[in-house]
Structures are given as structure tokens and as C-alpha cells.
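From just these sequences and the hints, can you work out the full model?
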Amino acid sequence: MPLAADTVSEALSGLAGALRVPVHVAALALLALLALELGRLTIEGWRRVRPGTSRLQEVAAGALADSAAAPRLARRAPGPLAERTVLDLAAAAGSPQSDAIENALADYELRIQRRLDRTRMLVRAGPAIGLMGTLIPLAPGLSVLGDGDFAPLAADLKVAFAATVIGILVGTAAFGLTLLRTRLYTEDLAAFERAVAEHRP
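Numbering (this note's numbering), first residue to last: 1 to 201.
What the hints contain is simulated information worked out from the structure, not anything from laboratory work. Hints may be right or wrong, so weigh each one.
Label pairs and their computed distance ranges (CB to CB) [what the hints assert, rightly or not]:
| id | residue 1 | residue 2 | range |
| --- | --- | --- | --- |
| 1 | ALA197 | PRO22 | 49 to 57 Å |
| 2 | GLY94 | ASP117 | 25 to 33 Å |
| 3 | PRO22 | ARG55 | 43 to 51 Å |
| 4 | ARG72 | PHE161 | 22 to 30 Å |
| 5 | ALA197 | ALA68 | 48 to 56 Å |
| 6 | GLU58 | LYS158 | 50 to 58 Å |
| 7 | ILE43 | LEU110 | 20 to 28 Å |
| 8 | THR186 | LYS158 | 37 to 45 Å |
| 9 | ALA197 | ARG72 | 21 to 29 Å |
Note that beta-carbon positions come from the ideal geometry of N, C-alpha and C, so glycine has one too.
In C-alpha cells, the structure reads:
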């Protein structure tokens with residue numbers, strides 16, 4: 001039994017050690033994804049507040065009333081998701097299918113969920129990867145602590161704390177992004193629904 005326990009312990013230790021570099025690379029990748037999402041939100045935010053910006057409800061109503069002008073009007077939408085939905089609504093307004101407009105709105109909601117899922121994933125994955133990046137380097141550092149060698153432990157603690165900071169940063173910022181996007185996209189959906197209600201006789 002002691003031999004089997006030692007074998008299992010060595011296997012687990014080896015697996016954790018093998019994950020050290022991939023986990024730290026994953027932490028940096030999550031940080032890059034967060035920066036990308038922040039950049040997208042910044043661009044979208046500018047499109048919402050820049051001078052001369054049209055209200056989304058007016059843009060959607062114009063596209064529903066004149067489908068030929070939809071490509072031009074869609075460029076005034078605050079983001080790619082809303083821009084595509086303006087075009088979908090314009091196409092649905094001329095469709096013989098009675099539920100074409102409802103389908104266009106449903107597609108917008110699905111695209112919203114897919115966009116929000118990216119930052120929701122960061123909310124959970126950031127702290128989890130950060131915790132893994134914290135614990136994995138501590139094992140070898142603690143193993144040599146009994147020999148009185150503090151240098152490896154100090155180096156491992158530096159890496160561990162950096163992984164913790166990155167994980168918390170990614171999770172917290174992604175949570176804020178998710179909340180902000182949820183509010184913005186909910187307002188956009190309400191604007192589309194009001195434009196559709198005005199369009200119908």
C-alpha cells in the first residue's frame with residue numbers, strides 16, 4: 001500500500017508539474033481575450049455616444065419603413081449585432097412569412113447570448129486559472145523548504161502571486177463587462193421591439 005500511495009502521489013505531482021506552463025499560458029491568453037473584449041466595448045461605446053448618433057429605435061424604424069435604405073441606416077447602429085439585426089428586420093418586413101420579424105428578433109437574442117457567454121466564461125475561467133497558477137508553483141517550492149533553500153520558494157511565490165492577480169483581474173473586469181453589455185443589449189432589444197410595434201398597423 002505505501003508503494004501504491006507513493007506512485008499515485010508521484011503521478012499527481014507530475015501531472016500538476018506538467019500543467020504549470022500551460023496554465024500560465026492560459027492565464028495570459030485570458031488576459032489577452034479580456035483586452036480584446038474591452039477594445040470591442042470601447043468601440044461600441046463610442047458609436048453610441050459620438051456626436052450625431054441616431055437612436056437605435058429610429059434607425060430600426062427607418063429600415064422597416066424603407067428596406068432599400070437599410071444598408072445605409074444599419075451603419076448608424078451602435079454595434080455589429082445591432083447592425084445585422086437592422087438588416088434582418090428590413091428583410092423580414094418584406095417577407096411573406098408572418099413570423100419573419102419575430103424570428104429576426106429571436107436571432108438577435110441568440111446572438112446576444114453568444115456574445116455574453118464569452119465574458120461569462122472569463123468570469124469563471126479567470127479566477128479558476130489564477131488559482132491553478134497559484135497552487136501549481138507552490139508545490140516544488142514547498143518541497144525544498146525542508147532543506148532550508150528559500151530561493152526556489154521565493155521565485156515560485158512571485159509567479160504564484162502574479163497568477164492570482166491576473167486571475168482576479170480577468171474575473172472582476174469580465175463580470176463588469178457582462179453587466180454592462182447585458183444592460184446595453186437589453187435596451188437595444190427594447191428599442192427594436194418598440195420600432196416593430198410602431199411599424200405594425
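Structure-based check of all given hints:
no.: 1; hint: ALA197 <-> PRO22: 49 to 57 Å; verdict: holds (51 Å)
no.: 2; hint: GLY94 <-> ASP117: 25 to 33 Å; verdict: holds (32 Å)
no.: 3; hint: PRO22 <-> ARG55: 43 to 51 Å; verdict: holds (47 Å)
no.: 4; hint: ARG72 <-> PHE161: 22 to 30 Å; verdict: violated (53 Å)
no.: 5; hint: ALA197 <-> ALA68: 48 to 56 Å; verdict: violated (22 Å)
no.: 6; hint: GLU58 <-> LYS158: 50 to 58 Å; verdict: holds (55 Å)
no.: 7; hint: ILE43 <-> LEU110: 20 to 28 Å; verdict: holds (22 Å)
no.: 8; hint: THR186 <-> LYS158: 37 to 45 Å; verdict: holds (43 Å)
no.: 9; hint: ALA197 <-> ARG72: 21 to 29 Å; verdict: holds (23 Å)
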